[in-house]
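Using the hints provided, position chain B relative to the given structure of chain A.
There are 2 protein chains.
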Amino acid sequence: MLGFTYYTPTKVVFGPYAELKTGELVAEQGAKKVLIHYGSERVKRTGLIAQIEKSLDELGIGYVELGGVVPNPRLSKVYEGIELCRKEGVDFLLAVGGGSVADSAKAIGYGLANEGDVWDFFDLKRKPAGAYPVGVVLTISATGSEMSNSTVITNEDGWLKRSCNTDYIRPRFAVLNPTLTMTLPEYQTMSGCTDIMMHTLERYLNNGGAMDLTDEIAEGLLRTVMRNALILLDEPENYDARAEIMWAGSLSHNGLTGCGTDGGDWACHRLEHEVGGMFDVAHGAGLAAIWGTWARYVYKNNPARFAKLAVNVLGVTPCDDDEATALAGIGAMEEFFRSIHMPVSLTELGVHPTDEEYKELAHKAAVASPTGTLGSVMKLQEADMEAIFRAAQ
Amino acid sequence: MLGFTYYTPTKVVFGPYAELKTGELVAEQGAKKVLIHYGSERVKRTGLIAQIEKSLDELGIGYVELGGVVPNPRLSKVYEGIELCRKEGVDFLLAVGGGSVADSAKAIGYGLANEGDVWDFFDLKRKPAGAYPVGVVLTISATGSEMSNSTVITNEDGWLKRSCNTDYIRPRFAVLNPTLTMTLPEYQTMSGCTDIMMHTLERYLNNGGAMDLTDEIAEGLLRTVMRNALILLDEPENYDARAEIMWAGSLSHNGLTGCGTDGGDWACHRLEHEVGGMFDVAHGAGLAAIWGTWARYVYKNNPARFAKLAVNVLGVTPCDDDEATALAGIGAMEEFFRSIHMPVSLTELGVHPTDEEYKELAHKAAVASPTGTLGSVMKLQEADMEAIFRAAQ
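As they're listed, the protein sequences go chains A and B.
Quick note: to get our numbering, add 1 to the position in the first sequence (first position is 1).
Quick note: to get our numbering, add 1 to the position in the second sequence (first position is 1).
Heads up, some of the hints might be wrong.
Given that identical chains are not distinguished, each listed pair holds provided it fits within a single copy or across any two copies.
[Unchecked claim] Calculated lysine-lysine pairs in the DSSO-like style (CA-CA distance at most 30 Å, straight line):
#1 12 x 128
#2 360 x 33
#3 34 x 22
#4 22 x 128
#5 126 x 22
#6 126 x 88
#7 128 x 33
#8 45 x 360
#9 55 x 22
#10 88 x 55
#11 33 x 55
#12 12 x 34
#13 34 x 88
#14 301 x 88
FYI, nobody ran anything at the bench for these hints, they're computed from the structure.
What you are looking at is a predicted structure, and each value in this text was computed from that prediction instead of being measured.
Bound-form chain A, shown alone (with noise of 0.2 Å):
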């Protein structure tokens, strides 16, 4: 076991209803002029901006709206951004949408509060000094930005996909309304469920460092996801299976389900995030596409670990040996991956690289590394990052 810091200032107000309470959210924050920044045209046609809108009427704060933002944010949004805010006095940014408005809202902060290029902070070229505040409204539960202290920005200029994490854009509150989510197609959905899990899957396998409680916690909720995504196949209007995947999106992200540990993997996510650059796929989706065969890339560095998730989370009888029982629990993790309706190969998410594309992708995943490496259950070099995209074919 590790030692750690956590923290989650984040106050998350959860429920029907809670986007009723953003004005009065904003004003604990003291702020005058908001940024609202959203996506897609839905959460206008819906109304959710107007209500949100009209909270803050209410207590005299002033506001300018930006919408826009795409899956897989892009820096060319977060530069406008920056320029709109500067011009506006705007002095808090509030995210309206799912994980890309919300890392769109904090590249913004960053900028905003440090003279130069925003994206030094993301290329490894400067540590930012801090941030504006941000606050998010929750529409889309997969990526935990809502308590996340991360930020992923997409440079158009050679489509690079880069996070920059530090405790100054952990957001200062996050509106979380089940039923705001309701509408989504199944496809992000599921894929959101993934990143949940992923989440915390990516913490799990890890090899260095373990807790008894934070295992229970990242096991117990690994199967809430499980349970429910199943549930909203079925039933996507099911509020308390909305809001169970809600929350677990949360914690997931928030660094309760990493306490203890090294800090976990981490190299499926890198890995898609070079696919998610080049390729603008659902980042769950990619992620599904990649896991499996990431695991039985790596596991026999640390099958005792990959075997307690098979059988704890994935109810896999133990085998005679740990190494089978992990395989069992990786099968297992496909078959449940497939049965959300989640692509588990490249070729199911419906890209094909060439064979000059799979290695931009293994030599893109390595130099956005300090170390050129990626992983803790086993160090990847750039042949294994390029092997693996090409298993996962």
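Chain B only, in chain A's frame:
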């Protein structure tokens, strides 16, 4: 499932030598002059206070000491602290010790930020409008005060033990080094484990609302505490077991194990407060002495919930009906308490109230509640409270 607010802003620094970071954590809060508040001289003898003072010295932060906090911390000490802090210009309260010291510091924090008698806030006469900031260096795992919104103080005038809960007093940081708890005697360690379990049990055993994810976390936490308490019986200096218990203590009372529920029952805690106030017993031991009697008194109002606890936490094989399973679970929990040398009756606790004292215990518990009743599984009237106290004999 019900809506909820979840707010745990406390920055936790966990692991060996975590106390060396105290100065840095205080500096992050912008504090200039610190009250170092503590209980027994143990924290001075071990050199802990000296280490903390060194870490403050290095950053040029001033401090003044106030020791002598006792279990079931007294209002007179709180008054003394308020006066000292005003005289010395203290702007930050650092508790070094267990829950009693943290609670005393929190109450001083209320007193410093508000005019008038601080007891008014415990006596339900007024609500506090703020509090001075508090940080905790924990040496006893039990109350969870290091992350909670609660402080419990005993007024020697009438021996009333009362709480005052607001987000103002959630500690800014908590320094958790499991090694610091290793020298605790077995009785205090096991009393702490019981208190930790009870903070989750009070939330789990409710009568309105449930959330799969919260149940998974609660059940996992309870199993973890039970496993590791048994390890500590034989190996009190087992670092990992101390660490599991310590982290469970914080998570058990920061709100996590109650999300989506009606907030929980809390009758056992309120009944124990009266026993603690009048007879000055260890809080966790007092809870163990009452819990089984309370559970048998109320379980028929929600047998399914008690049965779930029995099966998922206590390993009871399900019986033909929930009531039988529930009863088997209550017995199994009492067996567990016995196995860690905790009392399961007032007699075993060493408390022998007179006929008048039983009435007084119940009356005090009833009038301390704004509604005159206690509990969620069953709304207890004063007569019920008296019956439980008598049956717990």
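Those earlier numbered hints the structure runs against, lowest number first: Numbers 2, 8, 14 - these are the hints that the structure violates, sorted from lowest upward.
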